[in-house]
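Same order as they appear, the protein sequences are chains A and B. In this text, residue positions in the first sequence follow the numbering used here: the first is 683, and each later residue adds one. In this text, residue positions in the second sequence follow the numbering used here: the first is 683, and each later residue adds one.
Note that these hints are calculated values from the structure, not bench results. Some hints could be false.
Repeated chains share a single entry, so a pair holds when one copy, or any two copies, can fit it.
Claimed, not checked - In the SDA-like style, the derived pairs of lysine to any residue whose C-alpha atoms are separated by at most 25 Å in a straight line are:
| # | residue 1 | residue 2 |
| --- | --- | --- |
| 1 | K834 | I709 |
| 2 | K749 | I913 |
| 3 | K704 | S792 |
| 4 | K757 | W927 |
| 5 | K866 | G731 |
| 6 | K749 | I845 |
| 7 | K834 | P740 |
The chain contents come next:
Protein chains: 2
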Amino acid sequence: MNCILLPAANFSNESAHINEAKQVEHISQVLAAKVGDTLKIGQLKGNLGSAIIADITPERIELCEVKLTIAPPPKLNLTVVLALPRPKVLRRLMMDMTALGVRDIILINSYRTQKSYWQSPMLGRLDEFVLEGLQQGVDTVAPRISLQKRFKPFVEDELAQLITNRAIIAHPYAELSFSQYVQKQLENSEPPHSSVLPSMVFIGAEGGWIDYEVELLIKQGCQAVHIGPRILRTEAAVNAILGQWLLYQ
Amino acid sequence: MNCILLPAANFSNESAHINEAKQVEHISQVLAAKVGDTLKIGQLKGNLGSAIIADITPERIELCEVKLTIAPPPKLNLTVVLALPRPKVLRRLMMDMTALGVRDIILINSYRTQKSYWQSPMLGRLDEFVLEGLQQGVDTVAPRISLQKRFKPFVEDELAQLITNRAIIAHPYAELSFSQYVQKQLENSEPPHSSVLPSMVFIGAEGGWIDYEVELLIKQGCQAVHIGPRILRTEAAVNAILGQWLLYQ
Chain A
683 MNCILLPAAN FSNESAHINE AKQVEHISQV LAAKVGDTLK IGQLKGNLGS AIIADITPER
743 IELCEVKLTI APPPKLNLTV VLALPRPKVL RRLMMDMTAL GVRDIILINS YRTQKSYWQS
803 PMLGRLDEFV LEGLQQGVDT VAPRISLQKR FKPFVEDELA QLITNRAIIA HPYAELSFSQ
863 YVQKQLENSE PPHSSVLPSM VFIGAEGGWI DYEVELLIKQ GCQAVHIGPR ILRTEAAVNA
923 ILGQWLLYQ
Chain B
683 MNCILLPAAN FSNESAHINE AKQVEHISQV LAAKVGDTLK IGQLKGNLGS AIIADITPER
743 IELCEVKLTI APPPKLNLTV VLALPRPKVL RRLMMDMTAL GVRDIILINS YRTQKSYWQS
803 PMLGRLDEFV LEGLQQGVDT VAPRISLQKR FKPFVEDELA QLITNRAIIA HPYAELSFSQ
863 YVQKQLENSE PPHSSVLPSM VFIGAEGGWI DYEVELLIKQ GCQAVHIGPR ILRTEAAVNA
923 ILGQWLLYQ
């Protein structure tokens with residue numbers, strides 16, 4: 683936790699309290715903070731700032747001199763459409779996409795997504811993983827999340843109106859490389875090149891997308907691109923691909 | 683495992699055998715492969731290719747019609763100097779850096795590296811993690827790895843001759859952003875821009891580098907750059923940063 687995020691209800695005037703067990707434990711045990719220490723805090727959906735610890739009990743921490751004056755960092759102009767991964771990696775992926783500042787996350791079914799993944803209790807804990815990601819990335823605004831259990835109806839009926847500035851599909855067998863794609867956009871745009879990157883990226887889970895899925899997406903105007911001959915773990919791929927947005931922010 | 687890597691000793695003429703327990707288990711259980719199926723294989727330090735399964739026993743798999751005709755993908759012209767992370771994340775980091783094609787990995791001590799990390803049995807298993815990374819990334823050539831338990835002597839006495847084309851330090855409090863850094867290099871170079879990225883990057887573990895470390899590195903000619911206001915998990919940061927090299931390969 684690089685900051686402690688609290689809901690608006692926990693604030694009153696210049697004081698606030700923390701009663702979430704994980705946060706209390708982190709502050710007293712990991713940070714080993716004491717009365718009088720300054721904490722980096724934020725208000726969910728609000729500003730970031732600091733506060734001073736006024737009192738610590740095993741269940742509750744009281745804060746005073748609360749100052750929330752720093753706006754959260756801007757979100758990336760980006761929707762990630764991710765094939766629902768194994769429950770085990772879902773937590774870290776949600777955390778990382780949130781920490782990186784993705785604005786919209788769509789978890790979608792794919793041919794290689796096992797049906798059992800949609801039954802995972804992890805899907806009921808997305809808010810928790812998002813909170814972890816916000817506290818890691820020092821942000822207060824959660825990404826919008828939607829679940830799409832049916833690939834074809836989503837792609838055919840809903841996708842087109844969600845693409846604001848081009849969409850790409852990460853696909854190892856694409857002819858065009860991500861770097862060629864960016865180069866093309868650079869040639870067709872004027873600096874500052876903030877819009878050379880697409881506003882939507884499709885990333886498959888282990889095993890990637892099948893040809894049928896890729897073709898359906900291409901029919902809706904998406905461009906398939908590869909990121910080189912190397913195949914990465916889903917987690918590594920998501921971070922490596924989204925890292926490109928860091929360059930153009 | 684996106685390919686099965688075998689040492690040269692396991693090959694003879696057009697046949698080969700697999701007797702490594704993990705590999706045998708993966709082929710028979712995860713892939714559920716049968717006699718007659720084709721496997722994607724590679725020879726450590728050699729070529730990639732395919733082979734056909736001639737026989738399967740619980741301990742050993744015989745291969746025939748071995749064809750090793752594909753050169754492994756080129757390595758990134760990159761040395762990652764990584765503050766030794768928690769043992770728990772070391773495995774995945776070694777795998778990911780290997781899968782991404784980093785040529786040299788230097789694990790170094792830092793102020794925020796706990797002393798106990800250097801005693802971890804994980805450090806004795808680096809070859810195993812590298813093999814996992816090669817089999818994930820479909821490569822046959824391991825990165826060179828070195829351990830530097832003393833930060834200052836390494837930086838002062840050895841670093842300069844290891845930097846072939848600039849070095850950067852990932853540091854959240856740097857004034858220059860990674861994107862400004864790349865922009866500057868683009869302005870000073872002609873296409874193709876394969877050398878706009880540095881040949882060495884320093885990445886801290888949790889908590890990052892302390893000022894003293896950053897100053898010592900700057901004195902040796904390294905440039906500190908930040909990747910935006912968001913703070914990422916070490917794993918996410920490594921992949922997001924190294925992802926930049928995918929654009930210029």
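Evaluated hints:
1. K834 with I709: neither (46 Å within a copy, 33 Å between copies)
2. K749 with I913: between (46 Å within a copy, 21 Å between copies)
3. K704 with S792: neither (34 Å within a copy, 28 Å between copies)
4. K757 with W927: Cα proximity of K757 and W927: in one copy and across copies (11 Å, 23 Å).
5. K866 with G731: neither (41 Å within a copy, 33 Å between copies)
6. K749 with I845: neither (38 Å within a copy, 44 Å between copies)
7. K834 with P740: neither (51 Å within a copy, 42 Å between copies)
The structure shown violates the earlier hints numbered 1, 3, 5, 6, 7.
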